[in-house]
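Novice: Spelled out, the chains give:
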Amino acid sequence: MTGSTAARTRARSRRLDPAQADEYRGWLRQMMLIRRFEEKAGEAYSLGRIGGFCHLYIGQEAVAVGSLAALGPDDYITCSYREHGHALARGISARAVMAELFGKAAGCTGGKGGSMHLFDASLGFLGGHGIVGAHIPLATGMAFAAKYRKTQQVAVCYFGEAAVNNGAFHEALNMAALWKLPAVYICENNRYGMGTALERASAIYDISERACSYDMANEVVDGQDVLVMHAAMERAVQRARTEEQPTLLEVRTYRFMGHSMSDPIHGHYRTREEVEDQRKRDPITVWSQRLIAEELMDEAAVKAMDKSVMEEVEDAYQFADQAPEPEAEALFQDVYAEEQR
Amino acid sequence: MPTLTYRDALNQALREEMQRDPDVFLMGEEVGVYQGAYKVSRGLLDEFGPMRVVDTPITELGFAGVGVGAAMVGLRPVIEFMTWNFALLAIDQLVNSAAKMRYMSAGQVGVPAVFRGPGGAALQLGAQHSQAFESFYAHVPGLKVVTPATPADAKGLLKSSIRDDNPVVFIEGEMLYNLKGEVPEGEHIVPLGQADIKRAGAEVTIVCHSKTVAVALKAAEQLANEGVDAEVLDLRSIRPLDREAILTSVTKTHRCVVAEEGWPFAGVGAQVVDTIQREAFDELDAPILRVTGADVPMPYNKQLERAAKVDPPKIVAAVNEVLYR
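Protein sequences appear in the order of chains A and B. Under this note's numbering, the first residue of the first sequence is numbered 1, with each subsequent residue one higher. Under this note's numbering, the first residue of the second sequence is numbered 342, with each subsequent residue one higher.
Hints may contain errors.
To be verified - Residues on chain B that point at chain A, a partial pick, calculated with CB under 8 Å:
(1) P398
(2) A447
(3) V450
(4) G451
(5) A658
Just so you know, the hints here were simulated from the structure itself, not pulled from any lab data. Glycine included, C-beta positions come from ideal geometry on N, C-alpha and C.
Working from the sequences, and respecting the hints, build out all of it.
Specialist: So, in structure tokens, the structure goes:
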């Protein structure tokens with residue numbers, strides 16, 4: 001805790017490097033894109049254009065954006081079912097993600113995956129997974145493969161804090177530490193597993209401490225500050241790539257919306273005041289104000305950026321709306337591979 | 342042709358495939374230093390080293406998921422379960438991850454993994470260690486299910502399974518490891534989805550797989566002594582199911598008994614019966630009968646256990662019934 005607090009303070013007090021201004025502005029744009037995309041997805045869901053479950057990422061944008069920015073193009077990424085933001089931040093187009101939510105053939109998984117199962121293998125984006133915790137061993141297997149082939153790749157796994165009480169989490173982290181695998185486990189602690197608060201589900205409050213059971217490096221990270229998130233992720237990725245050591249990052253964040261679109265924003269499990277209080281540390285505002293304060297952007301530029309993002313999202317919506325449905329034959333395709341090695 | 346045990350035939354298949362393809366590795370409990378709980382992996386650690394013959398903690402869900410993840414990025418894991426009874430802890434990874442990955446990703450990400458280990462009852466191991474699960478996995482689109490009955494098939498089917506780009510559930514017979522038989526050397530491949538006539542006959546078809554093949558052959562021998570000419574059809578793969586072989590045999594014999602170790606309700610035999618009644622109804626001269634394990638958890642007591650299992654007299658009785666003898 002002490003080490004990470006010190007690191008956090010350093011990251012906050014250090015002035016931003018103007019040479020990296022393009023990257024910093026890029027992070028802001030990605031966060032804005034996720035925000036506007038999710039708002040539009042929520043709207044489309046309410047209109048019945050998106051079916052099934054739809055878990056929005058609003059409030060947590062800095063986690064995906066800051067951490068994914070620290071990865072290389074060959075690294076592997078797996079996520080839970082709240083993964084629209086990660087998909088966008090990794091570079092899947094807003095069109096392909098929106099079309100997938102609409103169940104269209106032009107979606108990133110051809111309309112077969114839906115909101116919870118976004119994939120783009122060419123980007124190493126290996127899924128949204130729908131069973132809590134079950135993808136943590138999968139990411140561990142990808143880290144095993146990287147070590148097996150000596151490729152220097154890193155496998156990153158995103159999951160919510162509710163997954164850490166699940167056996168898959170313990171089994172996977174134990175093996176990752178035992179075998180020294182290049183994995184980064186990112187626990188997005190948004191305080192609630194659906195409607196159950198962390199302290200009502202976990203015997204210990206600091207999830208990062210669970211890493212001690214496996215003698216694994218760990219940090220608590222402020223997930224509302226994209227710069228802090230990025231810095232912590234760089235340390236973890238470095239540790240994985242050069243030392244073949246896994247890391248557990250407990251990232252403290254907050255979900256501004258309900259668990260899914262069928263869930264109210266605060267409901268019985270948290271108060272309206274709590275949500276409003278948390279919204280004061282909106283990761284997009286935190287970062288845009290920082291960029292303005294350090295004169296890397298001005299208000300007008302932020303507004304213009306938001307406008308261009310909204311246009312991109314509107315384009316994605318129109319694209320998804322007009323895209324064709326999958327062909328009837330798609331039903332029976334991709335159940336089995338035909339070829340043999 | 343050399344004679345090998347079923348265990349050594351599996352060992353040979355693993356060794357040859359690991360020599361052939363550096364992406365193939367073996368992972369599971371006691372597969373390395375201990376040389377395998379059933380000695381299927383004997384000698385492999387010495388030959389291939391600890392990165393390719395990986396001992397795991399007792400953590401079925403975890404290492405099954407590690408296998409799926411490694412396969413998603415192109416390795417070809419062989420994941421050993423000490424028995425399929427313990428693999429129930431990992432069934433989420435087989436059903437929710439392995440079986441669905443290709444479909445959910447619209448063909449972008451496959452899982453070329455083999456999950457193998459012994460299934461079925463041995464001797465007096467009690468309720469939790471004596472179960473045949475092939476119908477559980479055969480229910481799931483995206484999985485293949487393979488159940489070799491002889492040493493030659495064990496080798497040929499395992500080699501095919503390792504080369505297959507789909508997740509394969511490979512269920513060995515716990516009582517078959519010491520079974521001896523002729524096994525072709527080198528490149529012996531048995532394609533998945535092809536049944537095999539283990540004994541040709543004209544009057545009745547006994548459909549079976551895994552350990553019940555030996556039981557059916559004994560029954561057929563006894564029936565031959567009584568003047569009944571039975572055909573024994575070994576399914577070898579439960580999924581894909583060789584419907585053509587089943588229909589061809591029944592079209593010849595017009596009578597059928599389906600035997601399996603597992604429980605009767607929604608078992609493999611139910612699927613076979615469904616296939617025959619829909620596609621060869623007019624060929625049948627008698628209703629099809631099924632011989633299965635008793636519809637109870639396996640008891641420990643020797644006599645009760647014997648009563649619960651499929652044996653030659655039960656198959657003979659069923660054959661006599663379909664022949665109206």
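Novice: It remains to establish, for every hint, whether it holds in the given structure.
Specialist: Taking the hints in turn, this is what the structure says about them:
1. P398: At about 6 Å, which falls below the 8 Å cut-off, the nearest Cβ of chain A leaves the hint on P398 of chain B intact, so it holds.
2. A447: Holds - the Cβ of A447 of chain B comes within 8 Å of chain A, reaching about 4 Å at its closest.
3. V450: holds, 5 Å
4. G451: Since the shortest Cβ distance to chain A is 5 Å, the answer is holds.
5. A658: violated, 39 Å
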